[in-house]
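Novice: Given next are the chains, with one letter for each unit.
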Amino acid sequence: MSLVSVDTISLHLGGRQVLDQVSLDIEPGEIVTIVGPNGSGKSTLLRVIIGALSPKIGKITRKKSLKIGYVPQKLHIDPTLPLTVRRFLSLPKRVSDDDAHAALHDAGAGHLCHHQMTSLSGGQFQRVLLARALLTNPDLLILDEATQGLDQPGSADFYSQIERLRREKGCAVLMVSHELHVVMAASDRVICLNGHVCCHGAPEHVASAPEYRALFGTGTHGALALYRHDHDHDACDHDHTHDHTSDHKHHDTAHKESA
Amino acid sequence: MSLLDDFIVRAVLAGLGLVLAAAPLGCFVVWRRMAYFGDATAHAALLGVALALAFNISIFAGVLSVALIMAVTVSALSGRGFAMDTILGVMAHSSLAFGLVAVSFVPGVRVDLMAYLFGDILAVGRSDLLVIWLGAALVVGLLYWRWSALLTATLNPDLAYASGISPKREQMILSLALALVVAVAIKVVGTLLIAAMLLIPAASARTFSRTPERMAAIAMVIGVLSVLGGIQSAFTFDTPTGPTIVCVAALLFVAANLVRLLRAQVK
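Keeping their order, the protein sequence lines are chains R and W. When we follow our numbering, the leftmost residue of the first sequence carries the number 2, and every step to the right adds one. When we follow our numbering, the leftmost residue of the second sequence carries the number 219, and every step to the right adds one.
Any given hint might turn out to be false.
[As the list claims (entries may be wrong)] When the alpha-carbon atoms are kept at most 30 Å apart in a straight line, the in silico DSS-like pairs for lysine-lysine are as follows:
#	chain 1	residue 1	chain 2	residue 2
1	R	Lys-75	R	Lys-60
2	R	Lys-94	W	Lys-386
3	R	Lys-60	W	Lys-386
4	R	Lys-68	W	Lys-485
Hint data in this document are derived by calculation from the structure and do not stem from the laboratory. These numbers were taken from a predicted model, which means no experiment stands behind them.
Next up, chain R with everything else stripped away, as it sits in the complex (with noise of 0.2 Å):
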């Protein structure tokens, strides 16, 4: 059975339809990505998703009992507010101080954990989002551009860590990206958005559809050069050892031809 199930469902705000009869199914386990330009509704059909948002028409079914770990596109905190990032942690559920460390430790935050929220840096700061929605034990990850703010390393750990994760816990994750080139390389499916659903699929299928190259053009601006180039090593990639130092040297290389 889908953890969530999508059925044409199309969403106005402020006059503006943002939704247009979309669809879309997530099995558990499995990686899916939406990409699409900026107001394509990306933001907005992940609150549909969390329930911050009831569209009138068409219809959303979560799965019985269903638990999201949702990770914020920016989370704006009051400065006054007083909290600790072990506090935050513990919210809306108490954690226990042992499963708090090593969820910090996982997403490499660690040495924050008596640090006030305010006072983290926007890396450190999607860390700790990070942890915290992994501390639910979800069956549903849900991420909104987690890795703005991440440096390079940062954000390929993050996706180190996500992998991982599918493939310990099981949890399914759904995720909006600008990273085109990291998104086609760690996502089972990507759906391309646009108000209505562009193309969806397989990541290979999506990148030569042509709805997507009309969407982010074919090549002459880089970002897709780039995905190209990891695209094709990513490739090899899977026969090989996929390790933190080897993705570096992907970038660094995909800078030089891309430059």
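Fit chain W to the given chain R structure using the hints.
Specialist: Relative to chain R, chain W alone:
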């Protein structure tokens, strides 16, 4: 003769009941930037007083119902093209004006408005005390029960949704608690100073807090000190009690911030 026969004892108990509920609630008012919401509900309370006198029902019931209507209306109107401060401004000042006009229509009763604007903690009777402590206990219980959900919803509505918490429901619970505190406090500090007792202890506590729970606890302590110090000073200097309590709270706020400045200098 029991202890409660002494009006000073009753005043102290009334003040303590109020701040024990107002301090943690005030933390949410500060975190959610609802300062003006407290003001608006408090102003609306005056309309409640007028209606209570006109229909001959208890002041507490009148104030509570108007404060509740106000809270529901504001929650319903927000997010429909008006900025929150605009809605609150319109509601606060118009309900205050309607309240003042309505009071003038009440026949045969010479209403001492000052008593409701500034309260009279020294005139608190046994039944008032019961209402205050029941109301306060209800508010504290409500906050304790919903604490985690309220905190998550305050932090970020989307995080709350993802955890299966409805931020709208939590907002409603806060509004309800706020209406209760206002209704309870009208006798103690009056409508004009309620917002002060919500905000000032919480704002002073921020300086010393690393977690939300600690901030609420310290706000309670500061509130209690304000009440005790205020009633004492009002006697010593022969000043009006309600405003004196708020003055002491304000002085504690200044002191808290001086301590913070000094600490920053030392570091």
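Novice: Taking the hints in turn, state whether each one holds.
Specialist: Going down the list of hints, with the structure as the test:
1. R:Lys-75 with R:Lys-60: 27 Å, holds
2. R:Lys-94 with W:Lys-386: 19 Å, holds
3. R:Lys-60 with W:Lys-386: Distance of about 21 Å is within 30 Å: holds.
4. R:Lys-68 with W:Lys-485: Status violated; Cα separation ~45 Å.
Figure legend: structure checked against the earlier numbered hints; the only hint not met is number 4.
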